[in-house]
Structure formats: structure tokens, C-alpha cells
Amino acid sequence: MSRIGVFICHCGENIGATVDCARVAEEASRIPGVSHSIDYKYMCSDPGQNMIKEAIREKGLTGVVVGACSPRMHEPTFRRACAEAGLNPYLCEMANLREHCSWVHEKSEATTRKAFDLVKIMVEKVKRNQPLLPIKVPVTKTALVIGGGIAGIQAGLDIANAGHKVIMVEREPSIGGHMSQLSETFPTLDCSQCILTPRMVEVAQHPNITLYTYSELEGIEGFIGNFKAKIRKKARCVDEKLCTGCGMCTQKCPTKKIPSEFNTGLGLRSAIYVPFPQAVPNKPVIDKDHCTFFQKGKCKVCEKVCPAKAIRYDQEDEIIEVDVGAVVLATGFDVLGTDFFPEYGYGRYRDVINGLQFERLASASGPTIGVIQRPSDGKVPETVVFVSCAGSRDPAKGIEYCSKICCMYTAKHAMLYKHKVHEGNAYVFYMDIRAGGKMYDEFVRRAIEEDDVKYVRGRVSRIYEEDGKLVVKGVDTLLDHEPLEIRADMVVLATAGVANSGAEELAQKLHVSYDQYRFFAEAHPKLRPVETNTAGIFLAGACQSPRDIPETVSQASGAASKVAGLFSQDELTREPLIAVVNRTAPPLYSTCTGCGLCVPACPYQAIDMEEIRFRDGSVVKSAARVNPGLCQGCGTCVALCRVKAIDLQGYSNEQVYAELMAL
Amino acid sequence: MTRIGYYPGCSLLGTAREYDESLRAILPRLGVELVDVPDWNCCGASSAHMLNHELSLSLPARILSNAEKGGITDMLVPCAACYNRFVMTIHELNEDRALRDRVADITGLDYRGTVRPLNILEFLATRTEAIKAKAALPFEHKVACYYGCLLVRPPQVMKFDRCEDPRTMDDLMTAVGADPVDWAFKVECCGAGLSITRPVMIGRLSGKIVVNAVKSGAEAIIVACPLCHANLDMRRSMINRMAGKNHAIPVLYITQAVGLAMGLKKRELGLHRHLVKVRFPEREGAHHGGPAVVLEAHVPEAGAETKEV
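So the sequence lines, in the order shown, correspond to chains E and H. Taking the working numbering, I'd label the letters of the first sequence as residues 410 to 1072. Taking the working numbering, I'd label the letters of the second sequence as residues -8 to 300.
Worth flagging that the hints you see were computed from the coordinates, not collected in a lab. Note that CB positions come from ideal geometry on N, CA and C, so glycine has one too. Some hints here could point you the wrong way.
As the list claims (entries may be wrong) - With a straight-line cut-off of 27 Å between C-alpha atoms, the simulated BS3-like cross-links for lysine-lysine are:
#, chain 1, residue 1, chain 2, residue 2
1, H, 150, E, 878
2, H, 206, E, 661
3, E, 666, E, 788
4, H, 150, E, 882
5, E, 713, E, 665
6, E, 806, H, 256
What the hints assert, rightly or not - Pairwise CB distance ranges (calculated):
#, chain 1, residue 1, chain 2, residue 2, range
7, H, -8, E, 677, 54 to 62 Å
8, H, -8, E, 515, 54 to 62 Å
9, E, 878, H, 150, 31 to 39 Å
Stated by the list, open to error - Sample of chain H residues with no beta-carbon within 10 Å of chain E, all distances over it, derived:
#, residue
10, 20
11, 26
12, 86
13, 100
14, 107
15, 124
16, 146
17, 147
18, 175
19, 232
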């Protein structure tokens, strides 16, 4: 006879304000088989857990049902409490009274009745639960870091320095990411390249790090501690082992007028190119779409001039298979185009540029060697207007969220401009100045007070060209509320930060959830910010939402410490909620008929056939066998099995039927 | 012949007669016949929606109900102000059931929401191929397509074209052989609502539009709204006085420009009714579409009392 304990949690007011918890507990006590039933304000707290433990000891409970929040939230908590009191943790189940009931319904009689029903079906399930033992699996102590920007670099170095192997994959020809494109960084104005490039070199030289640039993740399978990843190493058409990075090929390449991605279209590059002089690795790539040889079949100049004979036109993409135990996603962000803001004239007027382009103009390694020259005619602009929130915080036409980094980098841009063009006028149109952070507000004040940047609180309605000037029409909402027109020589739009291209496909490959803006979703916004909902996959940097360098770096270190924590164990315990093929006594041995339908149906290739033998070695029959290390407990095989020989531990057919029959 | 509902509103019977005339002149060539909405009334634009919310919804709702009774499903509304009122009314009545019942009480008519108002641009845009086929005399002029505010705003409700940089009229004008200029004031405010009360402001606001069109090299401004036309054409003397210039760039309704391309006579299209004479610079003298400031003696001057009606 079952002795089930029922514990109803109020979750403060989350459940208690909508559901009559005392009555649910009272009515649950009358379900046959329930020998203990109480309610309490916070069941997950220490006193709450103690109530469960004491009840198990005193009343000898054979099963526990906690009516509280989602099992995603606290199932491990309550199962651990049960285990501490000597009850097998898999005899504890949760009825989700919060997400499935109180949060989605109004306070009413029916809501309380539904809460009771949820408890009742769990009681019927628990009566049929079997004690289970967790599965032990080994851990591959190698981390896959996807993305070689500052987030990936920091995470990769931290993991490698903790003594674990790291495989870093970067889709561009060089690591460095957006940070390598920046001029100076706020709030200290130290040079971005100066602080970044040493770390890039460290990555390349670290004995624990294997770097694959110009490569992308092709696919991934497996689970925490035991992933199998396929990396597509795109053909560079250059033998990296032979290439010395001398640069002869890029100098002699006849096709030189290709807009450089690294210089955001403000500079030019050749068809065989290294994105920037400090690139890591310093090995060129042939851009097949622009290469004369690949387009017209003639040229081969680079092959002729290469002293190391490293050019390989026939090189093909290579697929590399690696075993890894954890994945860190650090794929970064992109800046939004302004197609939906035609009134700002981006793309129509050459002197309307975005923030990243201004970084290149201000950078000592940029196309103008750090001189602020406008793109159209190379003149030093006398008046520059900076427009913040060009797309952010605009639910009508842009994106709803705040891109977070723009207030600071706009202040920095205006400041850099004033430092380089002392007589120039810098205007900033803004909605609010969001400068939370160490030394951030002081930085903005410095731009306004010391560098005489004119901040105008108001939005820009239109930018158009008239008589060789860019007329910026806006409004000053603090001074007179008057419409304002500024005749500028250059306009810099702080366009919104958005998820990188390909983020959605990558998330789907990895089974990681993402939000409506295609940013990767963390497991919990406050308490698990660097983890995803998929165990063993972690997040770092702006792939999660726009963020600045300090925040990116601290998060990357956070993700690295999570990986190091995971790798500190030799074995992982996995939930034993997997499929099993039944075994019966002789003469049947198993009801499995060996039809083999389940083998191709399994999405994880976890099933194969085994032969059941007599003691003398002769074969009785052949039956399906589930590899407990690979099985993910999806249940596809259970649904398919014609003789019901496969069942899911913890979610057996019998248990699920009992749940339904309880209603 | 396609039969389609027609709501002219007050403008097209009064100050914008030439809009109505030119529309009726080109329609037979597009195989369209107009059916007036029975017993129509004022749409309430420019005053009702400022003064009384329920009245501003009841007036258009009554017209829509009458159109429904008359078996109309698509209703052409050439005036942008009327069109705006219809779309706003339909939006509000769809959003709020109680309001819909209240309005039905006021009008005493059943409103089912089956009528779709069409503005002149979307109406013509769906017939671009037919217009192209009939354009015997390509309208080879540089034009500034001026949309005004009412067709595109508020964007969440109007859902017409790109709010800040619409293309529909430019595409239509290209189809009849014109060369639309890239200019900045396509949807700028002309000051419409203040035309009577603060004409000086019109002089300033509409003046900017005319100046930018001229600077962009346009030889004509094309409009799709009687209020835009009134401010750019009828108020030209005020505009010129404030600008200290004699801008003579003509303002044509889209229907007139299409009509000219179809080879219709100026008089059929009501071009003689404009205060700013419809004249284009000589081809040779067009010098790359320079400013259309005419410095000759008898440009329509201040007051323009000499309206040829």
C-alpha cells in the first residue's frame, strides 16, 4: 500500500493569491494512498524542505508529490531533499501549480479545482514510480568555443589556462571580432587593438588551444560531456603550413578594389587578403567571388609570386570531427541596417555612416589612418551630428530594446572627434543618456563639459542633402521645443545592435533556445545567466544581447568557470529517464520480437540489436538494446514498438495511463 | 467595365473640381466605371475629429453603411483626408466593439465593415500595366512626387507604403515616362489644417516643400490630395512673397499627369483651373533640370484673384 506525502507550496503570492492552497492540501489528504498532506508558504526554503524530510522519516512515505513551480525550476531541489531523508529521489514528483495553473488563470473556484487535479494525477503517477539509479557517463575534457571575438578569446583562454583543451572556431579569416575594429574604448580611451591583439596572439600560441579560423560549425550531436561536433574548415586556397605571411600575394594581386569588410566598406582590399595587418592567423584567404582566376580562369599571379609555394587553388572544404564535453557560444552581434529608416538617408548619402564605420575612421589602423575625413570627398568635417537610438527603443519602426552600448560609444565618438578636430562642432541627438557603469557617467559629463559636445535632447526626423550639406532636422525638447535644423558635414547613426547573421540556424543546430530578436536565451535571466537550457552549452558576450567589453569579458570568464567546474568531474551523472527493453524470465527472455523498427527510428542512434543466448552460447533470440549513454529519453521507440517491449523509465505507459485515468 | 464605388467628398466638387474631372477623364481608358455612394455626407475631416470623437466616427460610418447598402465593396476615395478618416474609423470600430454599437446607435444604420476604401495611388498602382499601355505621350518631365501626410500616417493604421519614404507614386510616374527626383520633402507637413487660420505658416511650411522640389530639379510637383494642392498651388503667392522668389513650378494631380500621358486635352483634365499655370521649361532650355524659376513678367502673382474658372 502506498504512503504518499503531498506538499503544497504557496510560492509567496505566486500560487497562494490565486489558488486556495490549504483546500488543495486538505482535499489531497483524502486521495486513497495519501497519508500526509500539508501546505506551506515557501516549500523550497530550508524549513519547507525540512517538512518533507521529517514527514518521510516519521511517516515512512513511499512517494512525495510537491505541488509548486515548474520541475525545471525546483525538481532537483526537492529530489535532493528526499534523497537526504533516505527516499529514492525518483519517487518524488512535482505538480506544476504555478506555470500551469496560477500564472495563467484568474483566482476562482475552477483554478483551485484544476490545482487539485494536477496534484491528483501526480499522486497516481508516483504510486507507480520505481526507484531508479542515476546513470554515470564519462566527460570529454575539451571545450568547443564558437566565435573568436573578445568573448570567445576570453572564455577560451580561461578554460585553456585551467588546464583543459579548447577548440576555437571562427568563421572569419581572423579572430578578433568587432573589438579589433574599434578605435579607442570607453571609459578610459585606451586603444582597442593594443589591449586585444596580445590576447589574440596568446590564443594562437596557447598549447591547449586549437584554432580553426575561416571555419563554421557544421553539426553537433550528443549531450553534456559527450558532444560530437563537425567543423567545416572552408577552403582558404592557401596552405597554412607553408605560408609565412610575407604578404607578397596581397601586394601583387591585380584585383584590389573590393570593399573591405574589416573597414566596413570604407577601405579596399585585394581578392587574396588578410583582413587587417594584425590578423591572427596572419595567413591570407582567397575570396573566390572576386578572384580573377576563379571567375575567369586566368591570372594565378599570387601563385607565381608566392615564395613559399603555398597557394592551392584546388583546396577543398574540410570536415573535421571533434569530441567535446562543453560548448561556449560567443558569436557576437552585428549592427542593424537602416532600410526601415529611409528618412535618415543611410546608403543614399555617403557621409551618413554608422557607429562601426566611425570607429574605423577614428582608428589609427583605419582607412584614413585615424584622421576624421568624411567618405564622400575626404574633407575634414566641420560639423558632425551623432544620432543615438537610430533604431533602438523604437517599437513602431525599429526594435524595442535598448542596445545599451550606443550612449557610451556615441559620447566616445563625439569626444574623439573633438580631440582630433578642435574647432569642429559635435552635436548629439539623444532620448535619454544611459550611462550606468563604473566611470561611465563621468565619461559622458566629460564629453559635455570639457570637450564641449552639444547634447540635444530630441529625435531626428529627417536627414537630407541640400547645397552640399546634410540638413539634420530634429527638435530640441528642452529648449523652446523648437524644431531645429543643423547643417552638418557628416552624420553618424548609432544603429541598433542585433543578433549576428546565422544566429538562428546555429541555435537550431545546437538545440539552444533564442528570443524573438534571435539572441540566445539564458537558462535563467538572473541566476543562470551564462548557461543555456541545453546542459553543457554556455553563453558569452553579445550573442545573448548587446553588451560592452567589460560585461562581455566578465561573462566570458563566468562561462569559462562553468566549463572548468564541469570538467572538474571525471564522471557525470545523468537522469535515468531513458528507454529500456524489458527482460523477462525464461523461456521468453524478452517480449521484444526483434523486428528492429526502433533502430532506424531513434534520432540519437542509441539502439542496436543484441543476441540473447542460452548458457551454452546458442542464440535464443535477437532483441533491441538501448545504449544508456546515448538515449535522450524522447520516447519515439516506445510509441513505435508493436509489442510494447520498450518502455520509458520514469514515464512508463502504465504511469501515463494512470495519470489520465485520475482525471 | 469594372464598376467601383466612389466617394468624392466635398473637395472634389469644390476647390478640387479638376481632380474629379481628370479622374473621370482617365477612367474610361482603364475600363472603370464609378458608382456614387448613395446619400453620402461630409466625412468630418479637418474639424469633426478635432472637436467630437463620436461625431468624427459616425460621419464616416454612416457613409460606409450607405455604401454597404448600395452593394459597394471597393470604394475609391481620391481625397487623402477623406481616405484617412475612413481608414481610421474602420480601425477604431474594429478595435472596440462597444464603440461600434454606440456608433450604430447614432447613425441608426447597420455597419458590417465590408467596404474597403481605396486611395487614388493604390487604385492606380493595381492598374499600372493598363496605364502604361495607354500612355501614348510619355510625360517626360522631372517630377517631385509629394505624398503629404494623410496617406501614410499614422503608419500602424494606414499601413500604406513606407511611411517616411513612400514609392508608389514615384513608380506610377515612372510608368508614364516621368523621371521622379530623389528629394527630401515627400511626406513633409504642408500645414494643411491651418490653411485658413494661419496662412503665414502655410507660406513657410509649404514654401520649404516648393523650394526643395525646385532645388532637386523638379519641373512639376505631383500630388494626390486636394489639401496639398490647395496649399502648394492656391497659396503660391504667399509662398513666393515669403521666399522673395517667383517659383512657378506647377502642381498637378496624379490623375492629371496620367491624363496628359494618355494624350488627353488640358481642358479635359481641368489644368486651366490651376492658379499656377501648368507650363514646363523648354526641352533645350531645361539645362539638366535646373530650377524652374520663371523670371518672365506675368507669372501668377500675389492674390491670384484672376482665377480662370
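Verification of the hints:
no. : hint                       : in the structure
1   : 150/H to 878/E             : violated, 32 Å
2   : 206/H to 661/E             : violated, 46 Å
3   : 666/E to 788/E             : holds, 21 Å
4   : 150/H to 882/E             : holds, 24 Å
5   : 713/E to 665/E             : holds, 17 Å
6   : 806/E to 256/H             : violated, 44 Å
7   : -8/H to 677/E: 54 to 62 Å  : holds, 59 Å
8   : -8/H to 515/E: 54 to 62 Å  : holds, 57 Å
9   : 878/E to 150/H: 31 to 39 Å : holds, 34 Å
10  : 20                         : holds, 33 Å
11  : 26                         : holds, 37 Å
12  : 86                         : holds, 17 Å
13  : 100                        : holds, 34 Å
14  : 107                        : holds, 24 Å
15  : 124                        : holds, 31 Å
16  : 146                        : violated, 7 Å
17  : 147                        : violated, 7 Å
18  : 175                        : violated, 3 Å
19  : 232                        : holds, 22 Å
Violated hints for the displayed structure, listed by number in ascending order: 1, 2, 6, 16, 17 and 18.
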